[in-house]
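Given the coordinates of chain A, work out where chain B should sit on it, guided by the hints.
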Amino acid sequence: MADVTLLINGLQVTVPQGSTILDAARQLGVFIPTLCHDPELTSVGSCRMCVVDVKGARSLVISCATAAAEGMVVETESPAVMEARKTIIELLLANHPMDCLTCGKNGDCRLQDYAYMYGVKDGGVFQGAVHQYPLEENNPFITRDMNKCILCGKCIRACAEIQGNNVVDFTYRGFNTKVAPAMDTALDESSCVFCGNCVAVCPTGALQEKALRAKARSWEVKKVNTTCPYCGTGCSFDLNVKDGKVVGVTSCDGDVNGRALCIKGRFGFGFIHHQDRLTTPLIKKNGQFVEAGWDEALSLVAEKLGSLRDNSGPDSIGILSSARCTNEENYLLSKFARAVIGTNNIDHCARL
Amino acid sequence: MTNPIGDIAGADFILAIGTNTTESHPIIGLQVKKAVRQGSILVVADPRKTEVAELAKSHLQIKSGSDIALLNGLANVIISEDLYNKEFVAERTEDFEALKSVVARYTPEYTEGITGVPAAAIREVARQYAGAKNATILYTMGITQHICGTHNVFAIANLAMLCGQIGKPHSGVNPLRGQNNVQGACDVGALPNVLTGYQPVASDEARAKFEAAWGCGPIPAKPGLTVGELLEGADKGAIKGMYIMGENPVLSDPDADHAAHSLKKLEFLVVQDIFLTETARLADVVLPATSFAEKDGTFSNTERRVQLIRKAVEPVGNSRPDWRIICDLACALGYTMKYDSPADIMKEIASVTPSYAGISYERLEKGGIQWPCPTADHPGTPVLHAGKFSRGLGKFHPVEHVPPAETPDEQYPLVLSTGRRRAHYHTGTMTMRTGALEVHYSKEYLEINPADAARLNVQDGDMVRVTSRRGSVEVMARLTDIVSEGLVFTSFHFPEVAINKLTNPARDSISKIPEFKVCSVKVEKIA
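So the protein lines, in turn, are chains A and B.
For the first sequence, the numbering used here assigns the number 1 to the initial residue and increments by one for each residue that follows.
For the second sequence, the numbering used here assigns the number 1001 to the initial residue and increments by one for each residue that follows.
Bear in mind the hints are in silico, worked out from the structure with no lab data behind them.
These numbers come from a predicted model, not from an experiment.
Each hint should be verified, as a subset may be incorrect.
Claimed, not checked - Listed below are the simulated DSS-like cross-link pairs for lysine-lysine, each with C-alpha atoms no more than 27 Å apart in a straight line:
(1) K284(A) with K1264(B)
(2) K223(A) with K1311(B)
(3) K1338(B) with K1209(B)
(4) K304(A) with K1338(B)
(5) K245(A) with K1311(B)
(6) K1366(B) with K245(A)
(7) K1236(B) with K304(A)
(8) K1366(B) with K242(A)
(9) K1100(B) with K1209(B)
(10) K222(A) with K1366(B)
(11) K285(A) with K1265(B)
(12) K1086(B) with K1395(B)
(13) K242(A) with K1264(B)
(14) K1168(B) with K1366(B)
Isolated chain A, as found in the complex (with noise of 0.2 Å):
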């Protein structure tokens, strides 16, 4: 495909043909803002956020669906582009609640970035109705809080277009727009499967992860890359911690699975901390569960396995791997079964 070159703020930059004017923006290190546009998704262009001044043109043109042409001068900062970006913040703070002291996506939000970023602090000039929406918060992994809506229509587009179950669409018209299922029920009365990748890229506090958001605030997590524990694809995602606890999962981009995540990879963390979980060594006396230390316990088992080995063979002994460790403990196991025992009876639930 032929190449275009374009001017933007007064530097070259060459791109291939059907680029988008944010397309060469963004090769050129050039920041436009935007809320509905995502490149994993088709483009809109509903929230005008990323107009730009394209000379010659009739008006301010929005850069995530208009195509780069040979010969364009694009202005990304001018005084009308400015204008227009802070006209259309102080419009979606006109009507939001403005509840940043409190929402779970403070300091990791869009729009408060935006406002933060254009000096705007209301909705200035536009003082009007409200919404008013009850949070809907009755199923155990997603807030869903539409007064926080922006309408960019992400949230759609992430189900229709990465998840493929059209779950949520835009409902009612004019001001009363509001994205919902099927005849505005809650989440958890549709056909949502909770895969949470509408949250995912949700640009303002309008969609949340419930466990996440309510205990960890944006910047007080540190966020390890890691590969789901669940099924054989292998999604990797970020382990949200805070205080030494896993308090959360958000997408990264994975090899395999981009953002998408499913419901158990995205929402299934939290028998890292059960209360469940083993925490010492422990050793049966009489019928009874005795906790114990390693030493003990090691040694116990030590005796055990060795006398077996020793005084009916090592093929007295059976192993059972998983297919839930890394392959570097299988390996061991494997070892361990061979060259500490001297059999080859083990096995794992590859069957199962």
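Coordinates of chain B only, in the frame set by chain A:
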């Protein structure tokens, strides 16, 4: 998988057979849905009308345990209508004539008689598969958990080779593996017949190599026992002690009451796990291990991609990572096993495993690598069998239909099949303790067709007793046409519905996999 997960969405034709993809592998399901949205043909062969079957252009609702007949029937049409890839068959395969003569009998009409799938549908799907530019076959335990599981896989491979739908992008034979590291556990030798990288214990050369690398006495040449055989051995007294790491055979194995009974007979049982599982309760010693969040290591996914897991938090209580426990135990038994870190262990794995030879933590920090990766500068291998099969020529293994070990009779008139639910996982050890998943999906039920339910005077929500020759459970009935008449289904996630008390331990003679997908049961309403 012969092909990467990311390949699936680009296939022109997908045959999903014995896989409830969108529930059991939701993220792979996204690839399937994407392919459908882009206009690819999806065909689902499954006795149940699963979610993925609803998305399909054709749902071949086969009778449980008739997969070989269906696959042979497809091959029959492809050969008899001269649709097979002659160039591929001539250049890349052997024993085509053997396949041809076996599948000759499986005309669409004959196949319909065994599978219940209309002959016309078999013809149509065969033509679509053979005619597709790129066609992929996805399968899971619905194919393998039969007494003819290995033969089922042969029949899939036969079909792929017949049409040359392997060794290129968006095609292949793709088992979707069910557990995070089941691929890896097999790769690194946690199997009775092979050492790492599938080097057979029967090979003198392989044993000599590992005896030298590990500085140990002779490794037995005879393969060891599989899970089911170990439990049988325990029952008969030949196996006297077991060391179980991160497994729960009391719930996961077929004929579960018998599994528990066998474990109780052991002189000594040590279980290493993160929870006091049903199996751990039977142990003499329980060793507390850490979860994936508390240790470093690697998992290998279903597309052979080796990926890092990273320690995020300190071990809970006095628990220790499994690798440390194994090392400590080896040392206590007089064998020096010492490593600084999992990275150190991976170095040793790479040194003795040709397919992992080029893999190191340093490289994995930059992203996952798909084996085979023979050298440090090798990029990994997303697509297997390109240009040449690992054994040279691809061998057709003609196979015949075999009925399930147990078929319905007067006393046990229904077929029970088992599987997974989206929100839960295996024996529920983890997913029942998340504070979320078990709240959302808190109670298991039995799927039963309304026609069967009417005969049994069972209404939706009634409690029923499901009984096989081996055991019985009580569960709530849900009337649904997801299951056809004569079939009932539930998951094995819920300890209170320990369905594996009922399942049949009859095993495939080659892979030793139990026939979880078919056993005969009766259902009675509990008064």
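Verification of the supplied hints:
no. : hint                   : in the structure
1   : K284(A) with K1264(B)  : 13 Å, holds
2   : K223(A) with K1311(B)  : 11 Å, holds
3   : K1338(B) with K1209(B) : 20 Å, holds
4   : K304(A) with K1338(B)  : 22 Å, holds
5   : K245(A) with K1311(B)  : 12 Å, holds
6   : K1366(B) with K245(A)  : 26 Å, holds
7   : K1236(B) with K304(A)  : 20 Å, holds
8   : K1366(B) with K242(A)  : 25 Å, holds
9   : K1100(B) with K1209(B) : 42 Å, violated
10  : K222(A) with K1366(B)  : 20 Å, holds
11  : K285(A) with K1265(B)  : 17 Å, holds
12  : K1086(B) with K1395(B) : 15 Å, holds
13  : K242(A) with K1264(B)  : 42 Å, violated
14  : K1168(B) with K1366(B) : 26 Å, holds
When the structure is compared with the earlier hints, violations turn up for hints 9, 13 and for no others.
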